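S.K.: Sequence:
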Amino acid sequence: MNQHWWQKPDIQNWSIRAWRYYSWRPTYRLTLTTSERTAYVNMRDKLVVCNPEYPYPPLNYRSGVRGLPKDVRQFQVTYLESLIAHEAGHTHHTGELPPGLLGQLVNIIEDERMERKMAQTFPTLKPLFQLAADADAAHTIASSGKGGDIIGGCLLHRFTHHHPQWAYLPDGPDRHHWPEVRTILEAVWDADTYEEVIQAAKRILSILGIPENAPRRDDLDKRLDGQGMNLEGSPGQGGNKQGQGGGPGGGDDEGEGGDEEGSGNGPGDGNGPGQGPGGGQGGQDAGGPPQRPTPEQLPTSTTLQLQQQTQGMSRHIAQLLKRKGAPARTHQSRDRGRFRYDRYATGSERYFDQRVGAQAPGQTHLRIAVDISGSMSGSRMDAARTLTFALIEAARLADVPVLAYAFDDRVDVIADQQLRGVTSLNTAARLGARGGTFLAPALTRLWQPQLEGQSLTFIITDGGIDASDEQRCRKLYEAHTGMVVPVFLSHATHNAQYERLFGQCVTLPPEDLQTHIVSFLKAFLAKAAS
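Residue numbering for the sequence shown follows UniProt numbering, beginning at 1 and increasing consecutively.
Derived from the structure by calculation, the hints contain no laboratory data. In this text the structure is predicted, and so the values were computed from the model without any measurement. Heads up, some of the hints might be wrong.
With a straight-line cut-off of 30 Å between C-alpha atoms, the simulated DSS-like cross-links for lysine-lysine are [as the list claims (entries may be wrong)]:
no.	residue 1	residue 2
1	Lys46	Lys322
2	Lys475	Lys522
3	Lys146	Lys70
4	Lys126	Lys146
5	Lys117	Lys202
6	Lys126	Lys8
7	Lys527	Lys322
8	Lys70	Lys126
9	Lys46	Lys126
Please build the complete structure, drawing on both the sequences and the hints.
M.R.: This is how it looks when you write it as structure tokens:
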């Protein structure tokens, strides 16, 4: 079963390092899951939950999202870092959430105040928070428009107050209160304490003629993901669970929670953001934020088409790449029920049946060099692209390491330890013919990494190489210990040079490649194993 992109070890490890860098709370447990709308932190149980698959902004509003990555996965990783930093900020600056509508308004105000304080300590967070606010604004405007009542407008104004084009446009019956409310709102964003946020929220409710004990609003819950933000599970009661909304239906809600006494979390514990126990500067001492990983891309339409086209071939090759072990056999006892200690002590007799001879499956890895020179245009390039794609997909299905490079006048990576999974398939699906043919530089990069197990190298090409390149390839091949399978996409009369270099070639016209490559590979591996 394939993992989600965010379940990969590099993403998991990076997210934990990011949490510890921004929060200096190493005892908290961080969980990535799509079961939550966005994120929350439970300071009593020391639990942080973030959704790594925040939806890409709606098409009509993408141009207004500043710094928006073109790749969906890269956007989601960037947004995830903003979520992690956001929740870390709550552990430093946010106290217990009041009940009811007051708590919802406090949450809206506190998010901006807390993010500003975090950005003062970690300047790199400012563009991250801006991207997140623009993305949240795009979803909110797409679903609810730019108007609405003042309470909802406080949320939209938080997202859009620094945006050059978008802004909250009050159109409800309370719109005449907006100038006064806006002044209070923007002033408290720079407040020093959480208590000032609560007092500002009470003043806003008073201006709007809403009692402080007003119940939570269902329409805000839908936009803010405000349900279940307390430990007891009853809406409207304060608790320790702080969650961020802002999904496709709109904004962002934190059920602001306090701590148990003496827990060392929340305001007043003496540890500001980036400040560890004993006064140490956690984030700064950690040497800067961890480098954001490059996640797997989403499959393109071409990739999906090639996956369907090569599915059978990929599965057959995957079975061949899995080196089978030897099963155990039973070695029967010869004691016939008569135990003799003297024969047992000297090892002359076996007592009881024994299972012997088992061998674990061996390890293997795949290396691919594919020619993308100008002569590979047309059907040859189509065949090379298809075979390269099928081999990478087979390695993915067989769970074996794969290195793949395209070569002409230069060498381009298709798949390696950093570029893998769907991203490498997308790269293979985009292969096209262009320059000359220089094989040795590709083999140098292909054979340089030391990988465990048996090495199987595919060289996919259609023509000859010059004398100096051939000489360099020969030296490289003599030093290489693995198997090499040259796949020659041309007529048999043109492959003599490759046979002199690497031995037996599979020479097939491009139109026959998919039909015969599996049978050839099966025979080749059987011959090599004998």
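S.K.: Run every hint past the structure and note whether it holds.
M.R.: Now for the hints, and whether the structure bears them out:
1. Taken as a hint, the Lys46 and Lys322 pair is broken in the structure, with Cα atoms around 43 Å apart against an allowance of 30 Å.
2. At most 30 Å may separate the alpha-carbon atoms for a hinted pair to count; Lys475 and Lys522 meet this at roughly 28 Å.
3. For the proposed pair Lys146 and Lys70, the alpha carbon gap of about 25 Å is at most 30 Å, so the pair holds.
4. A threshold of 30 Å between alpha carbons decides the hint, and for Lys126 with Lys146 the separation of about 24 Å falls inside it, so the pair holds.
5. Simply put, Lys117 and Lys202 have alpha-carbon atoms about 22 Å apart, close enough for the 30 Å limit, and the pair holds.
6. The hinted pair formed by Lys126 and Lys8 meets the criterion: a straight-line CA distance of about 27 Å does not exceed 30 Å.
7. Straight-line distance between C-alpha atoms of Lys527 and Lys322 comes to about 16 Å, which keeps the hinted pair within the 30 Å bound.
8. Distance restraint check for Lys70 and Lys126: the Cα-Cα separation of roughly 20 Å lies within the 30 Å cut-off, and the hinted pair is therefore satisfied.
9. Between Lys46 and Lys126 the CA atoms are separated by roughly 26 Å; this keeps the pair inside 30 Å, and the hint holds.
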